[in-house]
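Asker: Each chain, written out:
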Amino acid sequence: MNARDDFRPLDDTDRRIIQATQAGLPLTPRPYHAVAEQLGVAAAEVMQRMQRMLDLGVIRRIGAVPNHYALGYRANGMTVWDVADARIDELGERIGQLPFVTHCYQRPRHLPDWPYNLFAMVHGRTREEVEAKATLIAEALGTASRARDILYSTRILKKTGLRIGA
Amino acid sequence: MDGAVMDGPGLDALERALVNTLQDGFPICERPYAEVAARVGSDEATVIARVESLLARGLLSRFGPMYHAAQMGGALSLAAMEIPPADFERVTEIVNRQPEVAHNYARSHRLNMWFVLATETPAAQQDTIARIERESGYPVYNMPKIREYFVELKLHV
Chain G
0 MNARDDFRPL DDTDRRIIQA TQAGLPLTPR PYHAVAEQLG VAAAEVMQRM QRMLDLGVIR
60 RIGAVPNHYA LGYRANGMTV WDVADARIDE LGERIGQLPF VTHCYQRPRH LPDWPYNLFA
120 MVHGRTREEV EAKATLIAEA LGTASRARDI LYSTRILKKT GLRIGA
Chain P
0 MDGAVMDGPG LDALERALVN TLQDGFPICE RPYAEVAARV GSDEATVIAR VESLLARGLL
60 SRFGPMYHAA QMGGALSLAA MEIPPADFER VTEIVNRQPE VAHNYARSHR LNMWFVLATE
120 TPAAQQDTIA RIERESGYPV YNMPKIREYF VELKLHV
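Those protein sequences? They're chains G and P, same order as listed. Quick note on numbering that gives the first Met the number 0: the first sequence kicks off at 0 and runs consecutively. Quick note on numbering that gives the first Met the number 0: the second sequence kicks off at 0 and runs consecutively.
None of these hints come from the bench; they were simulated from the model. Check before you lean on any hint, since a few could be wrong.
Stated by the list, open to error - To be clear about the criterion: a stretch of chain G counts as covered by chain P if any three or more of its residues have a C-beta under 8 Å from a C-beta of chain P, and this derived list gives those stretches:
id, region
1, 42-52
2, 87-97
3, 102-112
4, 136-147
Beta carbons are placed, not taken as given, at the ideal position from N, Cα and C, and that holds for glycine.
My request is simple: use the sequences and hints to build the entire structure.
Answerer: Have a look at this one:
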């Protein structure tokens, strides 16, 4: 693969690899070979293309997603913060580095109903644990945080994986 | 229930090691499970069987490549609605019926319904939002990410 290859957009073969693996990787000794066989592509090519997608960020990572709830982390708190736009990137980077924050985003406000622009997802075994972690976030933000809230999930209404169409 | 939570979900030492190490990444090579086995001091067949078991028991929700929707040309957003309790089930049905809605959670807030929209294009995202607003009669607060901050993705079990 040469450098120019890095700028090549995703092609049909890449999309077929995505479709074949987005539900999961085969649980067989040679999983990439299994995908290759299914698609009629050489195994080396599947691995090379997946490595390229990983390098490009099309694949965030390959690995396992733990089910926090099943693993005993029953309290899932979406902590939301109103911080100054001028400082949000610096603060977002800082909050994302806290070991208990699993997602951290800047999102748009919807004034006056929704003043929060920084979202940090926190999982804990109990709400008390989530609140203790939110306090650590508040300390990390200091006076930059003007308002905050924690939204707990009370019910999963729908959960399917993300899919791209055929 | 509290006891069960404190005692953990019944993982043995190998399973703990797998849950921890597999969050770090899975190699791209001919025998990746064998490589992971070497890392955790086990063998290929056992690692495959345990990953299968962790998935079957729901302790892992996924295993494989995580694709970045936006990088594939798709659009991903988080959206919220304020639904009166008496109308909650009807609106849940409308929202969940949309194939573009990947996750939907009830949350403890005035904005009490939060869902993730995954579409092929930003235009399709707008279409889905318009359809939900029309069918439900309530506004949708669309909150697509402006920036994502790097996180240490690791749950230690």
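Asker: Now tell me, hint by hint, if it's right for this structure.
Answerer: Checked hints:
1. 42-52: Since three or more residues must qualify, the claim that chain P covers the region 42-52 of chain G holds, with 5 doing so at under 8 Å.
2. 87-97: That given contact holds, which follows from 8 residues of the region 87-97 of chain G lying within Cβ reach (below 8 Å) of chain P.
3. 102-112: holds (count 8)
4. 136-147: violated (count 0)
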